[in-house]
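> Listed here are the chains, written in short residue letters.
There are 2 protein chains.
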Amino acid sequence: MFNFRIKHKAQNSQARTGIISTSHGKINTPAFIPVATQATVKALTPIQLEEIGFEAVLCNTYHLYLRPGAALVKKMGGLQKFMAWNKPLFTDSGGFQVFSLKNGLCEVNDDGVTFKSHIDASKHIFTPEKSMQIQRKLGADLIFAFDQCLALNADYETTKKSLERTHAWAVRSLREFKRLNKDKKQALYGIVQGGRFLELRQKSAKFISSLGFDAIGIGSIFGDPKDESRKIVEHTLKFLPPGKPKHLLGIGAVEDIFTYVEMGMDTFDCVLPTRLARVGYIYIRPESGGKPENKFRYRITTSKFKSDKKPLDGHCDCYVCQNFSRAYLHHLFKAEELLSYTLATYHNLYFFARMMREIRESIEKDKFRELKRKWVK
Amino acid sequence: MFNFRIKHKAQNSQARTGIISTSHGKINTPAFIPVATQATVKALTPIQLEEIGFEAVLCNTYHLYLRPGAALVKKMGGLQKFMAWNKPLFTDSGGFQVFSLKNGLCEVNDDGVTFKSHIDASKHIFTPEKSMQIQRKLGADLIFAFDQCLALNADYETTKKSLERTHAWAVRSLREFKRLNKDKKQALYGIVQGGRFLELRQKSAKFISSLGFDAIGIGSIFGDPKDESRKIVEHTLKFLPPGKPKHLLGIGAVEDIFTYVEMGMDTFDCVLPTRLARVGYIYIRPESGGKPENKFRYRITTSKFKSDKKPLDGHCDCYVCQNFSRAYLHHLFKAEELLSYTLATYHNLYFFARMMREIRESIEKDKFRELKRKWVK
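Keeping their order, the protein sequence lines are chains A and B. Using numbering that gives the first Met the number 0, read the first sequence as starting at 0 and increasing by one per residue. Using numbering that gives the first Met the number 0, read the second sequence as starting at 0 and increasing by one per residue.
No lab work stands behind these hints, which were simulated from the structure alone. Keep in mind that a hint or two might mislead.
[Stated by the list, open to error] Which stretches of chain A does chain B cover? Using the computed rule of at least three CB atoms under 8 Å from a CB of chain B, they are: (1) 39-48; (2) 69-75; (3) 80-94; (4) 301-315; (5) 326-336; (6) 339-353.
Where is the CB? At the ideal position from N, CA and C, for every residue including glycine.
Let's have the full structure, built from the sequences with the hints guiding it.
The following block contains the structure:
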């Protein structure tokens with residue numbers, strides 16, 4: 000089951016609110032989707048995630064395929080049951096992770112990708128069909144077509160060739176998906192590629208749009224350099240069907256979220272708030288000095304916080320900020336206590352959940368521009 | 000503020016229920032006290048501990064003295080505020096940890112103990128007075144006198160000498176405690192030592208009882224060999240004032256708890272359920288096959304649990320058992336996910352909290368013997 004309804008469109012930008020409906024419930028958009036790589040958002044229970052206010056998470060197909068394996072997850076009743084997350088769930092296609100493998104662990108041809116496991120160096124093959132089969136077994140509500148990811152600095156010829164492959168794989172992904180998805184349990188996102196070339200992005204946007212995916216993702220936007228990334232996304236969006244939900248893969252910097260919400264993007268996934276939490280980076284709101292220059296964060300492990308009685312963020316109303324001091328978090332990190340990861344992750348994700356809630360509210364009140372000015376000038 | 004009231008005495012044993020009252024609330028006894036070494040029960044939030052049902056935790060003075068330091072904790076408003084645990088709290092004296100240091104990191108004389116930090120090898124001295132001063136700054140409700148700990152196999156002469164020192168330190172601990180505790184905020188446990196020699200234990204019990212501590216701890220009982228440990232505790236208890244709360248330091252095996260509750264012990268602290276959780280040992284109830292022979296536990300990391308749909312313990316009603324399978328926990332441990340520590344710790348502590356609740360209920364219904372038979376035959 001899948002449906003997307005646009006609730007409200009901003010008057011002076013492309014920003015919009017909407018609701019993605021799945022058989023596991025609804026996602027209010029624009030939404031930030033935390034990453035649960037190995038069927039867990041690191042250091043948090045599903046109850047804590049719900050308490051923070053998230054309506055969906057995204058798991059990584061590459062990791063789950065290798066361990067514990069898609070067949071096992073299926074036997075356990077699917078990912079949602081396995082990880083006790085009874086809400087909407089995304090899986091990615093496995094492509095990005097496979098193409099991120101270093102040291103010659105990955106070889107690509109038109110059929111698919113041969114790669115070696117980062118766990119035991121065993122050899123595996125992903126094809127578009129295989130990715131669909133794995134994602135079917137994992138059983139997420141929202142899944143992605145198998146694509147080839149390139150570095151943003153790849154040259155025109157390389158990007159063009161790769162794009163042709165991605166398009167052929169999109170067709171094969173969709174065909175296999177339709178064969179498997181007779182019960183309409185899942186929805187499939189096509190992915191637009193094309194590197195840093197506006198002409199290729201335009202071509203890709205048109206082609207992917209023509210295939211009739213349920214929704215569209217934009218891939219290989221790495222946030223930097225910001226101007227170039229923005230131009231690419233803005234240009235791409237002109238050629239995508241306005242009525243379909245659009246996901247920006249791997250984007251999660253605060254400024255980027257404001258930029259791309261304004262352009263009409265609906266969902267974002269990124270490991271930034273969770274990964275940075277585990278090395279002690281704490282997000283702070285604009286009222287507390289968060290701004291693009293400091294990337295809305297500071298590092299709690301710095302010695303100046305050793306005896307700081309204040310909460311992580313004086314303007315945050317999360318469980319962590321209501322109960323613990325910077326000094327306590329500093330202590331937990333210095334003592335390498337497991338609770339440090341839980342509390343920092345909790346706070347950072349709360350920061351994102353609340354920011355997205357405020358973004359949605361501002362759009363519906365036609366005040367998104369004001370909110371954006373407050374956050375990123 | 001400190002008070003102990005015996006609620007109910009068993010008819011055919013020394014088992015009893017009671018209530019220890021402190022300025023941070025009450026502890027229903029017999030109680031198991033989880034260990035929060037560095038001001039955190041590893042991998043759990045204070046809210047989760049409350050949810051599990053604990054009324055008190057115990058922090059380690061040695062660790063907190065070294066990091067973050069007692070003065071800092073005091074500045075932060077005391078341990079309870081620092082760690083957001085607004086319930087009764089114990090600290091130990093630091094003695095056990097100091098005497099457990101290996102590789103010549105510890106030297107003792109009649110004045111106190113010189114030791115090197117396990118963190119940076121810096122040199123420190125603990126004396127009875129210093130231990131009281133540190134514990135005062137940390138600010139727990141229930142604190143312990145500074146004593147010398149010995150291996151249970153120490154010979155008579157060594158044990159006798161050490162006991163004389165422990166007794167002199169008990170007098171000094173109490174004197175310093177009284178000087179610091181004019182506001183009656185804290186209560187002090189004296190500690191009985193005497194190794195494996197009944198005669199010395201008896202002497203110690205009488206001497207410590209004569210000093211007028213608020214409560215009594217029994218130290219250096221390591222659980223094994225069981226018969227010897229039992230005889231020592233049983234003999235010791237004959238010479239302790241029945242109306243005072245009695246704590247058995249470091250004891251936490253299921254059978255031992257039943258044994259010593261039956262003898263009249265009121266509280267226990269032990270790292271066993273939490274430490275074992277982090278390497279994948281899962282406690283199970285007798286209805287699920289838990290028994291002295293398997294130490295009421297199994298190891299979830301064993302490959303036979305890879306695709307086991309059952310909960311950790313089919314007769315457990317904790318959050319973990321209500322929501323997750325053995326296969327999921329197995330996966331989390333294999334993938335070295337942080338959530339593995341949280342969920343396994345949660346379950347193991349719930350096992351102990353519920354067992355203690357059942358013990359208390361059975362005593363009040365004069366059915367402790369029946370309960371004990373069910374658990375340990």
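> Hints first: check each against the structure and report whether it holds.
Results of checking the hints against the structure:
Here the segment 39-48 of chain A counts 7 residues with a CB under 8 Å from a CB of chain B, which clears the bar of 3, and the coverage holds. Counting residues of the segment 69-75 of chain A whose beta-carbon sits less than 8 Å from any beta-carbon of chain B gives 3, enough to reach three: the coverage restraint holds. Three residues within the 8 Å Cβ limit are the bar, and the segment 80-94 of chain A against chain B gives 3, so the coverage statement holds. For the segment 301-315 of chain A, the proposed coverage by chain B is satisfied: 3 residues have a C-beta within less than 8 Å of a C-beta in that chain, meeting the threshold of three.
With a cut-off of 8 Å between beta carbons, the segment 326-336 of chain A has 8 residues touching chain B; three or more are needed, and the interface restraint holds. With a cut-off of 8 Å between beta carbons, the segment 339-353 of chain A has 3 residues touching chain B; three or more are needed, and the interface restraint holds.
Comparing the model with each numbered hint stated earlier shows that all of them hold.
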